[in-house]
Amino acid sequence: MTYKRNINKLPIIPKGAKEHNVTCNFCIVGCGYKAYTWGLNEVGGTAPGQNALGVNLGKQQEAMTSNWYSPSMYNIVKQNGEDVHVVIKPDANCVVNSGLGSIRGARMAEELHSTARFTQQQRLTEPMVWRYGQMQPTSWDDALDLVAKVTAQVIADQGEDGLFVSMFDHGGAGGGYENTWGTGKLYFGAMKIKNCRIHNRPAYNSEVHATRDMGVGELNNCYEDAELADTLVAIGNNALETQTNYFLNHWIPNLRGMTGDKKKAEMPNEEHPPARIVFVDPRRTVTINAAEIEAGKDRVLHLAINSGTDLALFNAWFTYIHDKGWTDSAFIKASTKDYDKAVTDNKMSLAEAAKITGLSIADIQKSAEWIAQPKKGGARRRTMFAYEKGLIWGNDNYRTNAAIVNVALATGNVGRPGGGCVRMGGHQEGYVRPDYPGGKPAPYIDKLLFEGKGGVHHIWACDHYKTTLNADKFKEMYRHRTDMVKNAMGSVPYGDRDGMVKAIAAAIKNGGLFSVDVDIVPSKIGQASHVWLPAATAGEMNLTSMNGERRLRLTERYMDPPGSAMPDCLIAARIANHLEKAFKALKMDKEAAKFKGFDWKTEEDAFMDGYHLNAGGGKFVTYDRLRAMGTNGVQEPATGFADGKLTGTKRLFADGKFNSKDGKATFFASAWRGLELADKVAEKKKFPFLINNGRVNQVWQSAYLDQQETFVTDRIPYAFIQMNPADMKGLGISAGDLVEVYNENGATQAMAYPTPTARPKQTFMLFGFPNGVAGNVVSAGVNELVIPNYKQTWGNIRKIAAAPANARATSFKSWEYKV
Amino acid sequence: MKRCDKQIDAGRRWFLSGAGVAAAGAAAIAISPGARADTPAPATVYPANRLGNLADIKVGSPFQVNYPDADSPGVLLKLGEKVAGGVGPDGDIVGFTTMCPHKGFPLSFNAEDKTLNCPGHYSVFDCENGGQQVWGHATQNLPQYALSVDSKGDIYANGVDELIYGRLSNVLKG
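Taken in order, these protein sequences are the chains called A and B. Reminder that position 817 of the first sequence reads as 817 in the working numbering, one-by-one numbering, no gaps. Reminder that position 69 of the second sequence reads as 69 in the working numbering, one-by-one numbering, no gaps.
If you're looking for bench data, these hints aren't it; they were derived computationally from the structure. Hints should not be assumed to be uniformly reliable.
Here are the simulated BS3-like pairs of lysine-lysine, each with C-alpha atoms no more than 27 Å apart in a straight line [claimed, not checked]:
id	chain 1	residue 1	chain 2	residue 2
1	A	LYS799	B	LYS58
2	A	LYS347	A	LYS664
3	A	LYS601	A	LYS18
4	A	LYS4	B	LYS173
5	B	LYS152	A	LYS4
6	A	LYS619	A	LYS601
7	A	LYS9	B	LYS173
8	A	LYS818	B	LYS173
9	B	LYS82	A	LYS818
10	A	LYS4	B	LYS82
11	A	LYS297	B	LYS114
12	A	LYS818	B	LYS58
13	A	LYS664	A	LYS645
14	A	LYS664	A	LYS192
15	A	LYS4	B	LYS114
16	B	LYS152	A	LYS15
17	A	LYS729	B	LYS82
Pairwise CB distance ranges (calculated) [as the list claims (entries may be wrong)]:
id	chain 1	residue 1	chain 2	residue 2	range
18	B	PRO89	A	GLN527	32 to 38 Å
19	A	ALA362	B	SER148	56 to 62 Å
20	A	PRO48	B	GLY91	52 to 58 Å
21	A	ALA747	B	LYS82	35 to 41 Å
A virtual CB, placed ideally from N, CA and C, is assigned to each residue, including glycine.
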């Protein structure tokens, strides 16, 4: 039976409850929420004067009310050591979400650590070390001493290149400005660690290098632009599921024709035809379905391209728009360079593109018209381009990214209302660090680890076992190297610290790897680690991040971290303090002297040392000022502080000046060259099924919290793979059966989900799920800047077991809303 | 609040335009105004309300009801095939709230898929599987009625298994 909470009543927030600003922990959109906390024995009433909402709660509230909260928005947590009620509900006054809550964010409260209600009991509460053959709790001093002594010994033996680091670079939970600075100051400031990677890719690099190299920062517009555009172009993104409230609150109103007044007010003297939308995606998504419902099928164009051929399509757009003279020549002249070269190098006819992409010439032409054909009266069409993982994790990342920016620049759609050429984003952003000391391309960390390089590995909120490429082989190697150290640790009594460090160092010299995992829960890769350090997350600490329109907010601390967990920035500082001692003990005084400036006591200390002193506009920003800006915050970069308010930047490049020495954006040559990676070409020839992969609405990231949410696991007990029903029949597979997806990279497991809209031989598998890792079958191939290609994966599929009971209990109906 | 109102208006206008609810068999139930003036203390004892009779319920024809009170619209459905939690001689009668547990928009019945669908933000709930959210934004599955049938064929609701949208106590009045 379907999971039900059987909760028929919730405590009412009393008048006088404490109110805290919260930005959602999870996706890039960063919806505004308010957390209310109050004493366990305080009781709110239904009368307006008895509750914090000031309304009569004794009657039915209307649709879209802000005066209701669901059971998932409620919990009991510790605050200053005492149990308190907490409600975290969407904030109707936040311009990002206007009171909407997604299926992820609206469960923030239920996903808090609660000893009273037994939620998220998986959270790490104490440091843990490998002792007597298993992970055992220990004190911070003990754990940090072991980490520092082993790390210092490895650096003494191998230099700083012997320290490998995997660390978040994003905002939101498991990141944020305080924590990127804390870790960044440790590894790039005090030390100069080159052997470093990020949570979802095997090197320390940008996912969108090309646009940055062209001078066009990737988060250049504002969410309002989606309300103002004549045409929206969605490339390899699925906004209804992965940037939910951005889509619902800003794209949909435009597609519904409800933003006409705003268009007239902000952009007078031009026609405002009903908005259109173009989707570039091999797969039909629920986002496309929603757009068709709202705009009508005649204003939605789904270009279901052959997987990995986006670049050919973009170059065809570029060529056709140039040939038609639909470019913004004044803008090109004033603000860009190398246009003519790009026109020559990127030439692609409609017919060639049709052959490569599998689209009709007519559809390519139509989409180009929707993008750039001048409006009645001759006004330039305002088009917003939004791309995400379909492009980023797709074939030929660098050139494809460049090709779409070429189209946006050519049509004058950067820095203007209703325009923008942006990534949609995954996590929020929150990056402030000293410069990365490595080169470009950065070292391919997984490859080096395979080759036996590195002696110690510090992991910060990354779980390669679930979210990397070539994951099957990575796990095998990683287990082998870390087991060597575990065996060595078992040979020495734990209390003999010098003996222990010597035994570990000896195992490392023989090819072993010492692994330290900093996380909020025991991760999959943590199973191989020797030390776990428990981190605090947003709300357990004050945390700042910015969203996809550069909106910076402060999430205020509203509860205690579980046990003795600490913010990552303070863990980094304490590691630095212990490294200083460890190097002194090794009589390496020069090394020891590097670790000054880590005397932070609070996350605010780290914020002031990092963001305030180092981020663009940071000098205007303090916690107090951000607190006063509430859930709307300020759009980065901040430009000043006046009358008690921070001022910011609505759009980047509005003055036509770009991020380059001469202020001009550069068009890039980005000719089509087929599938960039040879191993993908071979894989495509050999295996019949495209194993496309990505996210789903219900699950945040790698399900690190959702794996303990019955509401989620009841619906998605296993990573699903959506398959065309005829393909399933041909393989003797029924709904819910567990299948093996396999190729020469490895094998993984998924639950078959019949999907009539899936094209034959094109599947879609949930990415990053704990009990079925899509990355197992993704090849080790990367582009010239070490960006992986998850999307173009081909494999075979076979049934391995009939649907287990929990799979049989789920629905296998269509996800699409139908009238 | 202005933008929030805009969303409400958007949903209502779209809803009233008929695209989501004009389909045959749709259980379109407008949100009741909720005119109670007093503010009683919430009660937790569910009323046992007669919602209809077996003779009223036909396969494919949603039967509109209200439960636990007049301000809380719902539906009885005869699905034609026995389902878990179903009552009646064929074990195929189920009852659900029709206010979407995401944002309270009125759900409509899709007879082909046997789902209740939300015109506000496209959520879909499976009537044959305890109201499981097939896809959507709600953080709970669709509240389902605990039903019973007496010897006269009268169908009663005796409780609800999730919190109903827009109220912090399913039973507003004791």
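Here's how the hints hold up against the structure:
no.: 1; hint: A/LYS799 to B/LYS58; verdict: violated (40 Å)
no.: 2; hint: A/LYS347 to A/LYS664; verdict: holds (23 Å)
no.: 3; hint: A/LYS601 to A/LYS18; verdict: holds (25 Å)
no.: 4; hint: A/LYS4 to B/LYS173; verdict: holds (23 Å)
no.: 5; hint: B/LYS152 to A/LYS4; verdict: violated (30 Å)
no.: 6; hint: A/LYS619 to A/LYS601; verdict: holds (21 Å)
no.: 7; hint: A/LYS9 to B/LYS173; verdict: holds (12 Å)
no.: 8; hint: A/LYS818 to B/LYS173; verdict: violated (36 Å)
no.: 9; hint: B/LYS82 to A/LYS818; verdict: holds (24 Å)
no.: 10; hint: A/LYS4 to B/LYS82; verdict: holds (20 Å)
no.: 11; hint: A/LYS297 to B/LYS114; verdict: holds (24 Å)
no.: 12; hint: A/LYS818 to B/LYS58; verdict: holds (22 Å)
no.: 13; hint: A/LYS664 to A/LYS645; verdict: violated (32 Å)
no.: 14; hint: A/LYS664 to A/LYS192; verdict: violated (32 Å)
no.: 15; hint: A/LYS4 to B/LYS114; verdict: holds (20 Å)
no.: 16; hint: B/LYS152 to A/LYS15; verdict: violated (49 Å)
no.: 17; hint: A/LYS729 to B/LYS82; verdict: holds (26 Å)
no.: 18; hint: B/PRO89 to A/GLN527: 32 to 38 Å; verdict: violated (53 Å)
no.: 19; hint: A/ALA362 to B/SER148: 56 to 62 Å; verdict: holds (60 Å)
no.: 20; hint: A/PRO48 to B/GLY91: 52 to 58 Å; verdict: violated (45 Å)
no.: 21; hint: A/ALA747 to B/LYS82: 35 to 41 Å; verdict: holds (39 Å)
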